[in-house]
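Chain by chain, the residues run as shown.
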Amino acid sequence: MIKNISNLITKSRYISNYRSYNYSTNNVNNVNSNSNTTKNTFSSMKEEEIKFFNGMAKDWWDINGPMRPLHKMNPVRVQYMVDRLKQSGVIKTSGGGGSGKSLAGLKIIDVGCGAGLLTESFSRLGADVVGLDAAGNNISMAIAHAKQDKTLSDNIDRNTLQYIESTVEQHAIDHHSSYDIVTTMEVVEHVENVPEFIKQCTSLIKPGGCFFLSTMNKTTLAYLTTIVGAEYICKFVPVGTHHWDQYVKPEDLQSYLSGNQVNLKDISGLFMNPLTMNWSLINNTNVNYILFAMKSTTSTTNNS
Amino acid sequence: MNRFLNKSTLLLVNNNFRVTGSRRCYSGVGSGDSLNNTQPIKQEQQHYDVVIVGGGLVGSSMACALGSTESTKHLRVALIESAPVQPLYPLTAEPDLRTLSFNHTSVGLFDAIGAWSLIKDTKRTAAFNQLKVWDASGGGGIHFQDNTESMGYILENRLVTSALLEASKQYESITIKSPASVKSVQLQSTTQQQTTVTLANNEQLTTDLIIAADGGNSIIKKQLNLESLGKSYNQKAVVCTIKLAPGYQTTTLYQRFLPTGPIAMLPLADGYASIIWSTNVAHANYLLELDDDSFMVQMKHAWLSGAKTNGNNSIVDLLHNVLSTNPERLSGNEISIPPIERVSSKRASFPLRLEHTKSYTQRGLCLIGDAAHVVHPMAGQGVNLGLADVIALTQILSEGQATGYNVGNEMMLERYQENRKLENIKMMASIDTLFHLFGSSSLPITAIRNLGLTLLDNLSPLKSLIMSISKGTSNLQGIGKEKFKEILQYEKKYVITKPIQIMSDMEGNIK
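Respectively, the protein sequence lines represent chains A and B. For the first sequence, UniProt numbering begins at 1 and goes up steadily by one. For the second sequence, UniProt numbering begins at 1 and goes up steadily by one.
Keep in mind that the hints were calculated from the coordinates and are not lab data. Please note: incorrect hints may appear among the correct ones.
One-sided excerpt, in silico: chain A residues whose CB lies under 7 Å from chain B [what the hints assert, rightly or not]:
| id | residue |
| --- | --- |
| 1 | Ile63 |
| 2 | Gln148 |
| 3 | Lys199 |
| 4 | Leu281 |
Derived Cβ-Cβ restraints for the label pairs, each shown as a range [as the list claims (entries may be wrong)]:
| id | chain 1 | residue 1 | chain 2 | residue 2 | range |
| --- | --- | --- | --- | --- | --- |
| 5 | B | Pro339 | A | Ser280 | 50 to 60 Å |
| 6 | A | Ser88 | B | Asn157 | 46 to 56 Å |
| 7 | B | Glu70 | A | Cys234 | 11 to 21 Å |
| 8 | A | Ser280 | B | Phe350 | 37 to 47 Å |
| 9 | A | Gly65 | B | Gly230 | 31 to 41 Å |
| 10 | B | Glu70 | A | Ser88 | 53 to 63 Å |
| 11 | A | Asp266 | B | Glu70 | 19 to 29 Å |
| 12 | A | His243 | B | Lys169 | 43 to 53 Å |
| 13 | B | Gln145 | A | Thr220 | 51 to 61 Å |
In silico EDC-like links for lysine to aspartate or glutamate, alpha-carbon gap of 16 Å or less [claimed, not checked]:
| id | chain 1 | residue 1 | chain 2 | residue 2 |
| --- | --- | --- | --- | --- |
| 14 | B | Lys358 | B | Glu418 |
| 15 | A | Lys101 | B | Glu70 |
| 16 | B | Lys346 | B | Glu94 |
| 17 | B | Lys346 | B | Asp291 |
| 18 | B | Lys243 | B | Asp293 |
| 19 | A | Lys101 | B | Glu399 |
| 20 | B | Lys243 | B | Glu414 |
| 21 | B | Lys346 | B | Asp96 |
| 22 | A | Lys86 | A | Asp266 |
| 23 | B | Lys300 | B | Glu341 |
| 24 | A | Lys72 | B | Asp96 |
| 25 | B | Lys243 | B | Glu341 |
| 26 | B | Lys73 | B | Glu399 |
| 27 | A | Lys72 | B | Glu94 |
| 28 | A | Lys72 | B | Asp293 |
| 29 | B | Lys231 | B | Glu355 |
| 30 | A | Lys150 | A | Asp174 |
| 31 | A | Lys72 | A | Asp62 |
| 32 | A | Lys218 | A | Glu251 |
| 33 | A | Lys72 | B | Glu410 |
| 34 | A | Lys92 | B | Glu70 |
In this text the structure is predicted, and so the values were computed from the model without any measurement. Glycine included, every Cβ here is placed at the ideal spot set by N, Cα and C.
Just chain A, with the same shape it has in the complex (with noise of 0.2 Å):
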């Protein structure tokens, strides 16, 4: 039992690392050297480099795993995505003529990539997609699991898919205004300065673009199930993966997000079964909600 626990702990180091790192000046310097050696190195990773990592990766996409819930959400949270995006009239209605790409031509940077489950789909789906996260593990797990497949590492390979060991400020210096959407799921819950890590986000898309965030609910039922429930009771997830007193309040977000020129389109609920582990979307926001926003056309010249 003890040794399961402390293996779990192991594992919520990943997410923990998003907190420690953030907005510290010193990591920050320490990433961004870091990064750029990293990433000359992509391609040409060691063999037992790749062998250590196709270990951990395994892991972290281990279906059965302590992920298993956000494996489980994942195409939930896509088919939010897409058909969010055919409303409002980003991608056509018909989803890429057939040819299952249905994101085809759209730039997208998912910031707190984690291992990729997100940023997989979105290349599969025909995006132009960056996959960002300041925890090296995290990069080096999603690029070892990309090469696994055929058609990702194809997609790496014309850099069409790829993964960036960098916090978002540090990205977001050289990539303003970048990007037709950016997303960031179940990362909000772990940053400490939402509003700094909002403005940040908000300034890599472009005007018009769109906006994905999925998080917690700064509720008692959101404290009860992600973190008595999910964590002590049914043990879905590592002991110490949420911190109730970070989780976010949807108003708070909205009005972070308006205060950038990003304004609120839609906004739901997410319900996990507990005994199918299966997501669906519903109304009450109480515990996990998705939203989308739209950043406004004129925001780079119109400041309030």
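Chain B: place on chain A using the hints.
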């Protein structure tokens, strides 16, 4: 752009689908720029997103379903069938001996994938809207009638398969490889990106997903050593078609439960009918050896002979007296079949068994139809379960394609299994319960069976159980044990102590 070029090449290949040697080579899924690739390309290797092994009813339906669904129609599909493709026309003069019962869900699928109109055009479709079931040993019988709609269709296996393969030609994503058989399979893993399928002629295909639709004796299942649970009923089904006497055409499905097993008559078009006679192996072999005239005599006897009670009539008589108070049962003169003119086909047989594969899916592999589950043909549901698998898998793969998953992704495939396994097990258990209820030849159970059959003509639970099995609906619940409890409760009113004791024993055995 390259994608479209690839597609048009594929179209050319498909227009002449008997030319299975045409080869397309490229290095990767969706990349399309194989010419610029510096890696050497093996001439023999072709890539398909999906390889379906088995071009029977279920396999060819699967191919058409993927080809006709918006979010899966871009998937390149290879359909591997060991037998040569038989054209739909010319039709055989008399119906083929292998027939199957299709429920409305299955017909709806055929319609959606563009095969139903082809099937209808043959004018060889027969709908049935009545079901008459009775028993060998007494006066018990039940009658179902559905005046508002047909309960389903009886169709010739060969005809439907040819129509489905014909329909598949309209989908440019489908390539048929026939006759071709699988020699070996090497499944994808963390170290191997794609599954490799080697055919008997050493042709090699790479794929992201193998769908095994190669029936109860699945080669894929054997190749990969997949574990399954099952049992033999120690029975064989003898099948043939018959011509009814001139002027007779029926829309009733007849079934009589004999001590040796059920015999069924399924209505076909133009005054024909199909016989499925399940019996013990020795009897089946005997029936196969008879000449047509002697077989006719045996068959008429099976349908119409009186009670066989092993010489002990007392309990049957007692029960019969009790039952005769029930006015709703099928009366003696209603228990009959239309006159038979002759046997119109050869006779064939197949062994009856129940088999269930423990796991339908793993990364890059999915089992559908009889490859996943074999049921007793008594309720005529084998193929309907298989086609329900097709619908469920198409739905899941479609969702996977819309949300950016590899077609062989194990988590998505697992959802197919979640959807289908319970339904299949429920149906298997229902049919197995019926088999044990009707399949015994020991006298007391025969007596109870007869009692139960008549009583239950008016008892909604078993009636709805049989009805829903015939219709292929899946909202069965608490079959087996609970049904017996209800029979038990109903029967207590008659204060028959001995059968109650026996039924309690049976109840203990079933579960």
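Evaluated hints:
Because the closest C-beta pair between Ile63 of chain A and chain B is about 5 Å apart, less than 7 Å, the hint holds. Among the interface hints, the one on Gln148 of chain A holds; its C-beta lies about 6 Å from the nearest C-beta in chain B, closer than the 7 Å criterion. The restraint placing Lys199 of chain A at the interface with chain B is violated, with a minimum CB-CB distance near 29 Å, outside the 7 Å limit. With a cut of 7 Å, the hint placing Leu281 of chain A at the interface with chain B is violated, because the nearest CB-to-CB distance is about 13 Å.
Range check, Pro339 of chain B to Ser280 of chain A: Cβ separation about 57 Å, and the 50 to 60 Å hint holds. Judged by the Cβ atoms, the range 46 to 56 Å given for Ser88 of chain A and Asn157 of chain B holds: they are separated by roughly 50 Å. Separation of Glu70 of chain B from Cys234 of chain A is about 37 Å and departs from the stated range, judged on CB atoms against 11 to 21 Å. Checked against the hint of 37 to 47 Å, the pair Ser280 of chain A and Phe350 of chain B passes, with Cβ atoms roughly 43 Å apart.
The supplied range of 31 to 41 Å is met by Gly65 of chain A and Gly230 of chain B, whose beta-carbon atoms lie about 32 Å from each other. The hinted window of 53 to 63 Å between Glu70 of chain B and Ser88 of chain A is violated, with their beta carbons roughly 20 Å apart. A C-beta distance of roughly 24 Å is found between Asp266 of chain A and Glu70 of chain B, which places it inside the suggested range of 19 to 29 Å. At roughly 59 Å, the beta carbons of His243 of chain A and Lys169 of chain B sit outside the given window of 43 to 53 Å.
Take Gln145 of chain B and Thr220 of chain A: their Cβ atoms lie about 58 Å apart, and the range 51 to 61 Å holds. With a CA separation close to 12 Å, the supplied pair Lys358 of chain B and Glu418 of chain B stays within the 16 Å bound. The suggested pairing of Lys101 of chain A with Glu70 of chain B holds, with an alpha-carbon distance near 12 Å, which does not exceed 16 Å. Note on Lys346 of chain B and Glu94 of chain B: the hinted pairing holds, with a Cα-Cα distance of about 11 Å set against a maximum of 16 Å.
As the CA atoms of Lys346 of chain B and Asp291 of chain B are separated by approximately 10 Å, the hinted pair is consistent with the 16 Å bound. With a CA separation close to 13 Å, the supplied pair Lys243 of chain B and Asp293 of chain B stays within the 16 Å bound. Annotation: proposed proximity of Lys101 of chain A to Glu399 of chain B holds, straight-line Cα distance about 13 Å (limit 16 Å). A threshold of 16 Å between alpha carbons decides the hint, and for Lys243 of chain B with Glu414 of chain B the separation of about 46 Å lies outside it, so the pair is violated.
Straight-line distance between C-alpha atoms of Lys346 of chain B and Asp96 of chain B comes to about 9 Å, which keeps the hinted pair within the 16 Å bound. Note on Lys86 of chain A and Asp266 of chain A: the hinted pairing holds, with a Cα-Cα distance of about 13 Å set against a maximum of 16 Å. A hinted pair counts as satisfied when its Cα atoms are at most 16 Å apart, and Lys300 of chain B with Glu341 of chain B qualifies at roughly 11 Å. Distance restraint check for Lys72 of chain A and Asp96 of chain B: the Cα-Cα separation of roughly 47 Å exceeds the 16 Å cut-off, and the hinted pair is therefore not satisfied.
Between the alpha carbons of Lys243 of chain B and Glu341 of chain B the distance comes to roughly 6 Å, so the proposed pair stays at or under 16 Å and holds. At roughly 13 Å between alpha-carbon atoms, Lys73 of chain B and Glu399 of chain B fall within 16 Å of each other, so this suggested pair holds. The straight-line distance between the Cα atoms of Lys72 of chain A and Glu94 of chain B is roughly 52 Å, outside the 16 Å bound, and the hint therefore fails. Under the criterion of a C-alpha separation no larger than 16 Å, the hint pairing Lys72 of chain A with Asp293 of chain B is inconsistent with the structure, at around 62 Å.
For the hint pairing Lys231 of chain B with Glu355 of chain B, the CA-to-CA distance comes to about 6 Å; that is within 16 Å, so the pair holds. For the hint pairing Lys150 of chain A with Asp174 of chain A, the CA-to-CA distance comes to about 31 Å; that exceeds 16 Å, so the pair is violated. Proximity of Lys72 of chain A to Asp62 of chain A is assessed by CA-CA distance (about 12 Å); at most 16 Å being required, the pair is judged to hold. Restraint check for Lys218 of chain A and Glu251 of chain A: the C-alpha separation of about 11 Å stays at or below 16 Å, so the hint holds.
The hinted pair formed by Lys72 of chain A and Glu410 of chain B meets the criterion: a straight-line CA distance of about 12 Å does not exceed 16 Å. Between the alpha carbons of Lys92 of chain A and Glu70 of chain B the distance comes to roughly 14 Å, so the proposed pair stays at or under 16 Å and holds.
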